[in-house]
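S.K.: Starting from the known structure of chain A, fit chain B with the ligands onto it as the hints suggest.
Chains as they are written, first to last, in this note's numbering: chain A, 1 to 423; chain B, 424 to 759.
Any given hint might turn out to be false.
[Claimed, not checked] Per the computed footprint, the stretches of chain B lying under chain A, defined by three or more beta-carbons under 8 Å from a beta-carbon of chain A, are:
| id | region |
| --- | --- |
| 1 | 475-484 |
| 2 | 487-493 |
| 3 | 564-572 |
[To be verified] Straight-line C-alpha distance at most 30 Å; calculated DSS-like pairs for lysine-lysine:
| id | chain 1 | residue 1 | chain 2 | residue 2 |
| --- | --- | --- | --- | --- |
| 4 | B | 699 | A | 184 |
| 5 | A | 77 | B | 559 |
| 6 | B | 559 | A | 145 |
| 7 | A | 184 | A | 145 |
| 8 | B | 564 | B | 491 |
| 9 | B | 493 | B | 564 |
| 10 | A | 77 | B | 564 |
| 11 | A | 145 | B | 495 |
| 12 | A | 145 | B | 493 |
| 13 | B | 491 | B | 559 |
| 14 | B | 495 | B | 559 |
| 15 | A | 145 | B | 699 |
| 16 | B | 677 | B | 699 |
| 17 | B | 564 | B | 677 |
| 18 | B | 559 | B | 493 |
| 19 | A | 145 | B | 564 |
[As the list claims (entries may be wrong)] One-sided and incomplete, this derived list gives chain B residues near chain A with beta-carbon spacing under 8 Å:
| id | residue |
| --- | --- |
| 20 | 460 |
| 21 | 462 |
| 22 | 754 |
For the record, the hints were derived by calculation from the structure and aren't laboratory data.
Note that the Cβ used here is the ideal one computed from N, Cα and C, for glycine as well.
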Amino acid sequence: MPAAIEIDHLSKQFRLYNEKFSSLKERAIHGGKLTYEPFWALRDVTADISEGETYGILGRNGSGKSTLLKCVAGILKPTSGEVRIRGSLAAMLELGAGFQQELSGRDNIYLNGSLLGLSRAEISRRFDDIVAFAELEQFIDNQVKYYSSGMYVRLGFAVAVNVEPDILLVDEVLAVGDAAFQRKCLDHVRRFQREGRTIVVVSHATDVIRQNCERCMVLSHGNVITVDEAGEAIRVFLADLLGVGKPEGDGGEGGGNVIAIGSVRTEHGGSGTRPHLYPGESLTVTAEVDSLAEVRDAAATVAIHDDSGELVFASDPDDPATFIELPQGGGVLHFDFPEVPLLDGTYSVSVGVRSLSDTAIYDWKDQEAQFEVANPGRTTGRVRMPVDVSFRVRSTGTTGEVPVVGRDLGTDGREPSVSEAAS
Amino acid sequence: MSIGAVGPAATEPDLPAAVDDSPLPARVTRATERTMTVVNGELRLGPRLRALWDNRELLLLFIRTELKLKYKDSILGFLWSMLNPAMVLGIYWAAFSVINRGGGIPQFAIWLFAGLLAWNLFNNAAMTSTTVVVGKAGIVKKVAFPRELLALSTVGVAAFLFVIQVGVLVIVMAALGMTPALGYLADMPLAILDLIVFTSAVAVFLSAVNVYYRDTQHLTEVALMAWFWGTPIVYAYGSIASLVARHPSVLFLKYLYVCNPMTPIVMTFQRAIYGKASYVSPAAGNTAHVATTLLPNLGVGGYALGLVVVLVASVALFLGALVVFGRLEGNFAEEL
Ligand SMILES: Nc1ncnc2c1ncn2[C@@H]1O[C@H](COP(=O)(O)OP(=O)(O)OP(=O)(O)O)[C@@H](O)[C@H]1O
Ligand SMILES: [Mg+2]
Numbered sequence: 001m002p003a004a005i006e007i008d009h010l011s012k013q014f015r016l017y018n019e020k021f022s023s024l025k026e027r028a029i030h031g032g033k034l035t036y037e038p039f040w041a042l043r044d045v046t047a048d049i050s051e052g053e054t055y056g057i058l059g060r061n062g063s064g065k066s067t068l069l070k071c072v073a074g075i076l077k078p079t080s081g082e083v084r085i086r087g088s089l090a091a092m093l094e095l096g097a098g099f100q101q102e103l104s105g106r107d108n109i110y111l112n113g114s115l116l117g118l119s120r121a122e123i124s125r126r127f128d129d130i131v132a133f134a135e136l137e138q139f140i141d142n143q144v145k146y147y148s149s150g151m152y153v154r155l156g157f158a159v160a161v162n163v164e165p166d167i168l169l170v171d172e173v174l175a176v177g178d179a180a181f182q183r184k185c186l187d188h189v190r191r192f193q194r195e196g197r198t199i200v201v202v203s204h205a206t207d208v209i210r211q212n213c214e215r216c217m218v219l220s221h222g223n224v225i226t227v228d229e230a231g232e233a234i235r236v237f238l239a240d241l242l243g244v245g246k247p248e249g250d251g252g253e254g255g256g257n258v259i260a261i262g263s264v265r266t267e268h269g270g271s272g273t274r275p276h277l278y279p280g281e282s283l284t285v286t287a288e289v290d291s292l293a294e295v296r297d298a299a300a301t302v303a304i305h306d307d308s309g310e311l312v313f314a315s316d317p318d319d320p321a322t323f324i325e326l327p328q329g330g331g332v333l334h335f336d337f338p339e340v341p342l343l344d345g346t347y348s349v350s351v352g353v354r355s356l357s358d359t360a361i362y363d364w365k366d367q368e369a370q371f372e373v374a375n376p377g378r379t380t381g382r383v384r385m386p387v388d389v390s391f392r393v394r395s396t397g398t399t400g401e402v403p404v405v406g407r408d409l410g411t412d413g414r415e416p417s418v419s420e421a422a423s
Numbered sequence: 424m425s426i427g428a429v430g431p432a433a434t435e436p437d438l439p440a441a442v443d444d445s446p447l448p449a450r451v452t453r454a455t456e457r458t459m460t461v462v463n464g465e466l467r468l469g470p471r472l473r474a475l476w477d478n479r480e481l482l483l484l485f486i487r488t489e490l491k492l493k494y495k496d497s498i499l500g501f502l503w504s505m506l507n508p509a510m511v512l513g514i515y516w517a518a519f520s521v522i523n524r525g526g527g528i529p530q531f532a533i534w535l536f537a538g539l540l541a542w543n544l545f546n547n548a549a550m551t552s553t554t555v556v557v558g559k560a561g562i563v564k565k566v567a568f569p570r571e572l573l574a575l576s577t578v579g580v581a582a583f584l585f586v587i588q589v590g591v592l593v594i595v596m597a598a599l600g601m602t603p604a605l606g607y608l609a610d611m612p613l614a615i616l617d618l619i620v621f622t623s624a625v626a627v628f629l630s631a632v633n634v635y636y637r638d639t640q641h642l643t644e645v646a647l648m649a650w651f652w653g654t655p656i657v658y659a660y661g662s663i664a665s666l667v668a669r670h671p672s673v674l675f676l677k678y679l680y681v682c683n684p685m686t687p688i689v690m691t692f693q694r695a696i697y698g699k700a701s702y703v704s705p706a707a708g709n710t711a712h713v714a715t716t717l718l719p720n721l722g723v724g725g726y727a728l729g730l731v732v733v734l735v736a737s738v739a740l741f742l743g744a745l746v747v748f749g750r751l752e753g754n755f756a757e758e759l
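Chain A on its own, in the form it takes in the complex:
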């Protein structure tokens, strides 16, 4: 298979200006010289993406995924290296496809289609398809500035896929649309796959990658850490997420701090027998802590995020039970959850130690460890809420238990008074 995209020792350096001086005066004041820090968003990335392949790119926020796609699309110019492509290319980059806010959806379809290389006649021919795909029939003559972000992305995606490019680049589009639209996009992706087009997908949704991509690249701080078949790449990506395979030179937090948190681990009721725990089982989070000196005013924090990055739980910062005293030396911090009321999902755990006397944070390990909950039963949703169901016959005429039922069901926050209930 010939390569549809050849990425050849691509590096991209951004200049992080200490302050942005963009007028002559400011440049003159600073002696014509700008102080900036070089920042390598991509370092020596090399990859061949074959024709007809669906290729995923994974990586944490800021790892350079969007930068890579922009270099492939020809929007950013690499500092060194080269990208070669075969065939036509359309890109759906983060949030919207370069629309003109003041123009109507109709005009933007023509503008965007032309930018992607379609002739006017071709756009007219596909116009109805595009509008139907985006489900924007009613709004097509409204200015896009009044579109919701979902509508905006739908329109952009609709144009990009209807251009029928040989190579389609997609950056996190699926994150914005609703479930119905996501399905539609994926259907389109599948059709493109059948037709032998090349697709490059950036996504944080590992299951999207797992289901659609043959191979996947994992980026970390601008470096390629692996290119592998999807399942293996996802494993490497998660490991990177947990900080296991972190490249050197990124000490980050806790460099010169008194307290440093080492590895964070989880252990649960099912440990040893199975990798996941069942809802309701216990969970223990342990964190290695090194302390250079005795610290008496520390407090430990633990937080749990779900796989979409939503916070599920964070410990109460004022709870005296979280206050700890650390002797000089090392130790292990334990967080015991007697019961995990979560249903299915992969969750990550963050651990921090902060100072009680001021706002300083000694160290914080963000989403370092993971645990997985698998629900053997058929309850669905997010949390485990034991529920008792009973049915009580309405006894007419007597003031029996009826009011009690009414009281228990006061879920709307209204608590009927006792006298009211008794009457």
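M.R.: Relative to the frame of chain A, chain B with the ligands by itself:
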């Protein structure tokens, strides 16, 4: 229907949607048959010009879009593009014709209109080009296309307004019963070409520079003001020539005017539209009539020669501007 189709790809340009089920519809060409493009190779001048030509449809769309945006939500719409120059003309006419007697130029309004016609195109495009790349950041950051088109679209919009103003001019001249110098109209296409090429060069250059130095736009505003007064529009070149003839010490003025590419263009417009190179007026307290020269008496060929020189210079400037643009363009998406 296309079951037996085994021929080379792209023999069937218009496949219906039913191709969904077939494994490899004909529309998708195999990679081996496609040409390979180096995405980020430094584009040299030749390919750059070619890309501009290939995207001419996009340029027209940009121009249309811009015009649409310009008059969106305005009741008078395109009427403004006639009213605006008409009002500017009225103000200058009032200022110079009534107060100062226009330096004595008869039919001063037409004289003024002829020069302003050329100047407005240049001025409009130069002013709007400074902000065009910055203003279209949304597109520049999302799609790859020859960004020079944005600068050229400002010239296109200015050219559209130019056409409208020509319409106004024709009406005014017909109303006043004036005729242009028919022979010199032959020079007009060349003058307009000069104007477009020179304006494009300036627009392409300014649009790129303003991305890096945002005060280019303010500087441009001031520079254009000075440039306007340094070009014989509200006065006649003849008055400068006679000044230099009387005071040889200001000879440098003459060179200044000769070096200004707008001078030959504006003078051709005036010569052709206004129609006269000089006028005769009764001198005060004297029965003899005095002839005042407005424009050099060079003949159709003489004006054309000047225009050819300007064209050569403008083409060189345009190519230079494209080179500068190409250098700066690489970092547009990250600077915006
Ligand atoms: N124009 C720019 N100037 C300076 N730095 C930039 C610029 N664009 C991106 N960066 C930096 O490059 C790095 C990579 O950014 P990029 O957008 O590629 O990340 P990403 O992997 O797409 O992240 P996310 O998952 O959040 O979309 C970031 O640290 C970002 O700050
Ligand atoms: Mg991104």
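S.K.: Could you run down the list of hints and mark each one as holding or not?
M.R.: Each hint, compared with the structure:
1. Remark: the region 475-484 of chain B is confirmed as covered by chain A, as 3 of its residues place a Cβ nearer than 8 Å to a Cβ of that chain, reaching the required three.
2. Counting residues of the region 487-493 of chain B whose beta carbon lies closer than 8 Å to any beta carbon of chain A gives 3, which meets the minimum of three for the stated coverage.
3. With 5 residues having a Cβ less than 8 Å from any Cβ of chain A, the region 564-572 of chain B passes the three-residue criterion, so the hint holds.
4. Taking the CA atoms of residue 699/B and residue 184/A, the gap is near 70 Å; set against the 30 Å cutoff, the hint is violated.
5. At roughly 18 Å between alpha-carbon atoms, residue 77/A and residue 559/B fall within 30 Å of each other, so this suggested pair holds.
6. Taking the CA atoms of residue 559/B and residue 145/A, the gap is near 15 Å; set against the 30 Å cutoff, the hint holds.
7. With a C-alpha separation of about 24 Å, the suggested pairing of residue 184/A with residue 145/A holds against the 30 Å cut-off.
8. At most 30 Å may separate the alpha-carbon atoms for a hinted pair to count; residue 564/B and residue 491/B meet this at roughly 22 Å.
9. Only pairs whose Cα atoms come within 30 Å are accepted, and residue 493/B paired with residue 564/B is accepted, the gap being roughly 23 Å.
10. Among the hinted pairs, residue 77/A with residue 564/B is consistent with the structure: their alpha-carbon atoms are about 12 Å apart, no more than 30 Å.
11. For the hint pairing residue 145/A with residue 495/B, the CA-to-CA distance comes to about 14 Å; that is within 30 Å, so the pair holds.
12. Only pairs whose Cα atoms come within 30 Å are accepted, and residue 145/A paired with residue 493/B is accepted, the gap being roughly 17 Å.
13. Note on residue 491/B and residue 559/B: the hinted pairing holds, with a Cα-Cα distance of about 15 Å set against a maximum of 30 Å.
14. Using a Cα cut-off of 30 Å, the hinted pair residue 495/B and residue 559/B holds, with the two alpha carbons roughly 17 Å apart.
15. The straight-line distance between the Cα atoms of residue 145/A and residue 699/B is roughly 53 Å, outside the 30 Å bound, and the hint therefore fails.
16. Simply put, residue 677/B and residue 699/B have alpha-carbon atoms about 21 Å apart, close enough for the 30 Å limit, and the pair holds.
17. Between residue 564/B and residue 677/B, the direct Cα distance comes to roughly 46 Å. Violation of the 30 Å bound is thereby established for this hinted pair.
18. With a C-alpha separation of about 14 Å, the suggested pair residue 559/B and residue 493/B falls inside the 30 Å cut-off, and the hint holds.
19. For the proposed pair residue 145/A and residue 564/B, the alpha carbon gap of about 18 Å is at most 30 Å, so the pair holds.
20. For residue 460/B, the interface hint holds, the least distance from its beta-carbon to any beta-carbon of chain A being 6 Å, beneath 8 Å.
21. Because the smallest distance between the Cβ of residue 462/B and any Cβ of chain A comes to about 4 Å, under 8 Å, the interface hint for this residue holds.
22. Of the supplied interface hints, the one on residue 754/B holds, with its beta-carbon coming within about 7 Å of a beta-carbon of chain A, less than 8 Å.
In the structure shown, a violation is registered for the earlier hints numbered 4, 15, 17, in ascending order.
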